[in-house]
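Each of the two chains sits in its own frame; use the hints to bring them together as a complex.
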Amino acid sequence: MSLEFGARVDATKVRETDYFRCSSVAPAAAPRTPGYKEWHHFIVYAPGLRLLVNFNLTEPRYAEGVLPAGPTPLTGRLIVIAERSGWHGDLERFSPAEVTVVPGGLSARFGQNAMWFEDGAYHLQVQLQHQAVSCCLKLKPVTEPVLSNHIQLAPERELSWLILPRLEVDGRVTLGGRDVQLRRALGYHDHNWGRFSWGDDFAWEWGSLVPSRADSPWTAVYVRMANRGRSSVGTQGLFIWDRARHCRFFRDRDLQVTLEGRKSMPVVHKIPRLMGLLAPGTCTDVPQRIVAFAQSGADQVLMTFNTRNVSQVVIPNETTTDSVTLLNEATGSADLAGTIGGRAVEMEGSGVFEFIRA
Amino acid sequence: MSSSSSEPDGVQGLLGRSLQAIRDSVPSQYAAIVTALQHDVVQLQVDHETFSIHAQPHGLALAGAEPSAAVRLTTKSCTITALIDGTLDLIDAVLGENIALFGSVNDLLSFNEALSAYLHGAVRSSGQEAILREFRLLAERRKERE
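Protein chains in written order, with the numbering used here: chain A, 1 to 358; chain B, 1001 to 1146.
Hint data in this document are derived by calculation from the structure and do not stem from the laboratory.
Glycine included, C-beta positions come from ideal geometry on N, C-alpha and C.
Don't take each hint at face value.
Sample of chain A residues lacking proximity to chain B, with all beta carbon distances greater than 12 Å (derived) [said to hold, decoys possible]:
#1 Cys136
#2 Asp170
#3 Asp179
#4 Arg230
#5 Asn306
#6 Gly341
Derived DEER-like restraints, expressed as beta-carbon distance ranges [stated by the list, open to error]:
#7 A:Thr235 <-> B:Ile1091: 31 to 41 Å
#8 B:Asp1085 <-> A:Ala114: 19 to 29 Å
#9 A:Pro155 <-> B:Glu1144: 18 to 28 Å
#10 B:Arg1145 <-> A:Gln127: 26 to 36 Å
#11 B:Pro1067 <-> A:Pro280: 50 to 60 Å
#12 B:Arg1145 <-> A:Arg228: 46 to 56 Å
#13 B:Gly1059 <-> A:Thr319: 21 to 31 Å
#14 B:Leu1137 <-> A:Pro60: 45 to 55 Å
#15 A:Glu158 <-> B:Arg1145: 48 to 58 Å
#16 B:Gly1059 <-> A:Gly111: 45 to 55 Å
#17 A:Arg184 <-> B:Leu1132: 38 to 48 Å
Just chain B, with the same shape it has in the complex (with noise of 0.2 Å):
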């Protein structure tokens, strides 16, 4: 996996690690979101920082804006948090508008798929509990400059 993130320490840093963390640990899952990624691009835009995600034939690759993306998801730092500390399902989310969703309905299901295969390989793989404590920081960092 590559990184282009100018900044290590934002959520595309923090992620591209992440991603890292399961390919080492659980390499079936990580697999997983690259087959279920292999035809999109997806964009993610979390608070003012934005990025893609791209499959390609040596795994996922990170890097700047594509806004012309397959799925483009755009939320917040603490409705991620929120969500992973269930405070917040992923439907109320949706319908409450903390995450916008934009892609045709194969698109978004795919992107589903590697979603969950992205959290099945989180919670197995080492590591990835201090990447969350970043990730929280992180989030607070952002709520207190708002």
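Only chain A is shown next, with the shape it has when bound in the complex (with noise of 0.2 Å):
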């Protein structure tokens, strides 16, 4: 899926806006509360092949009722997950001591494993430590960013969010001793911080969609936060990008959302491994097929992602010590068709998909 998309992006307006917001090195600098969080997310999109690849930090869990009394260093979390002829991946965890970030800077170091943006481009170096799976990537951003600040998830829990819809990626993936070479293949990112914890009174879904047509100048990044029992949305969108710009936002009552079906698996690949003797079986309450209709004054666009496979991380839940969130991550096709300020939109690619359910 190579692309003569020919969108460049000032890297200077992305080091801007895509920092740490909070370090494990310099606590005064960055005083914390009890349920921080802070990840970068980014997705692969190539043929046969879905990489997801996610820096997390988190604050340590501490013992029952004892909170710190000032700020902590934060651990970090690992997670690998790709898709070719079946499931890799895991969830590898880091001391305190293991982890290093760059505060206000934008790279990190976990164990062996690092992320940094040099040169306009974001570059990974990830090899697990108990499975052959190891990526060296370089990720180009020819998107905008577009950042969301404050989302509430539950109340006074929330979540800043950062989008790069599209990115070029070059680079090589190891699955199994076997190499994947990547040439201006597709590529997603995000960076999320804010303070919550699993298991509180909220559920997300959000998507990806990248088109598999080289010229297609269209991406998309869908979002809708519900309570945890999805009988309230507390809001939802459709972000559209027109080449690198950011062209159109629907949001909340712009959005009609169906989500159709059950998605049925006869084996779900659960991350970390441990964790699917807490959450076994192959139920993942994820819809077949999500249809999103969008429509404001003159601008209309129909949204449909249908999924393919699905993997789920299992969380234990902070809020309670006998519960878990499954992290339902889905693959799929995803599609896009309407019109936006006259101009007629049209795209079919792929999408990967994420269903929180606690």
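What follows is the structure in structure tokens.
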């Protein structure tokens, strides 16, 4: 899936908006409150391959009822999930001593794994300890970033979100000893930070949509925040980019969302693998299809995502000691159709959607 | 929790340390294990090592074999590592006779509650990764001896 996209983005603009809001090495400069989390999320779309890499910082869990007196260092979690003739990947944990983050910068090191921004591109160097999964990637932004600050998840719980929906990816992914070379493949990146606990009263859905045609100018991101029972939607939106430019944002009442069916899977890959014992079975509560119809003024777009496959990240809840949150990572086909500013919107492509179920 | 293990580096010793870590870090889950097992004695046989778990007023106690235990579980350490690594799931392990379980339905349900409470406590308590590393080494040593 190489592109003849032609768009370039000012790296300074990316660098000015995307930087670590918190750090494990300078607690005095970045005071923390319990529940702080921050992560950089990357997706790679290539023929026959979907790769998810997540550099995740979180406050360490504490003994029940004992909260830290002051700022505390953050622990690291590296999540890698690859879909290629089956699933690969795992979640690996890193102690504060193994985590280095530059405050206000855009680089992190978790053990031997690293991400950094240099020469206008993100770089990832990842090698799982217990699986033959690694990658060495360069991801160059070709769309402008969009920043969405202080999204309320639950009372006094919020999340900020920076989206870079389309990047060109070069490099190598190695799965089980077999190399996959990437040249101008597609990528997605977002950066999230905020204060909340797994198990709080929220459930989110978001998805990245990219085209399969090299010359398609369209890229989109879908998001919907609801309460845990999904009986009440707090906010929802569909962001659309035309080449590098963020051209349209349909929000809240502009959107009618329908979740159709339930995706049935014979096997669901779970990470960390141990957590499969606490979340056994193949139930994912992921729809077979999402349809979102967006309309505002004369502009309207129909977004469709059809689920193909699902893996799960299983996280112990922090609000209780006997439950878990499931992060369902769904891959599938995605398309857009409609009109924006008198221009026809037509995109057939792929998507990676995440459905949180607590 | 007390233990009469004669092999501190065996499964009994490691389980004792694991339970103590849960008691220290996640007392609610430790209490849930005790509650689930309050009416039962569980005998575990892992490879050739056999021991039992008793719920007592002050907590859990690990002791020697208890052939009359309400719940008896027999398995191998390599089966436990396969479960931890996700290469085998619990249902398949039981149906495939990699785990043998004996007990009444009610006792087995209580044991399942205790197991679930143990797992929820283990993933939330510190020190378990080092214990798990020791367990893997133990499983490897025992497999080599077979």
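Results of checking the hints against the structure:
no.: 1; hint: Cys136; verdict: 26 Å, holds
no.: 2; hint: Asp170; verdict: 32 Å, holds
no.: 3; hint: Asp179; verdict: 25 Å, holds
no.: 4; hint: Arg230; verdict: 24 Å, holds
no.: 5; hint: Asn306; verdict: 27 Å, holds
no.: 6; hint: Gly341; verdict: 49 Å, holds
no.: 7; hint: A:Thr235 <-> B:Ile1091: 31 to 41 Å; verdict: 40 Å, holds
no.: 8; hint: B:Asp1085 <-> A:Ala114: 19 to 29 Å; verdict: 26 Å, holds
no.: 9; hint: A:Pro155 <-> B:Glu1144: 18 to 28 Å; verdict: 56 Å, violated
no.: 10; hint: B:Arg1145 <-> A:Gln127: 26 to 36 Å; verdict: 33 Å, holds
no.: 11; hint: B:Pro1067 <-> A:Pro280: 50 to 60 Å; verdict: 30 Å, violated
no.: 12; hint: B:Arg1145 <-> A:Arg228: 46 to 56 Å; verdict: 49 Å, holds
no.: 13; hint: B:Gly1059 <-> A:Thr319: 21 to 31 Å; verdict: 26 Å, holds
no.: 14; hint: B:Leu1137 <-> A:Pro60: 45 to 55 Å; verdict: 26 Å, violated
no.: 15; hint: A:Glu158 <-> B:Arg1145: 48 to 58 Å; verdict: 55 Å, holds
no.: 16; hint: B:Gly1059 <-> A:Gly111: 45 to 55 Å; verdict: 36 Å, violated
no.: 17; hint: A:Arg184 <-> B:Leu1132: 38 to 48 Å; verdict: 42 Å, holds
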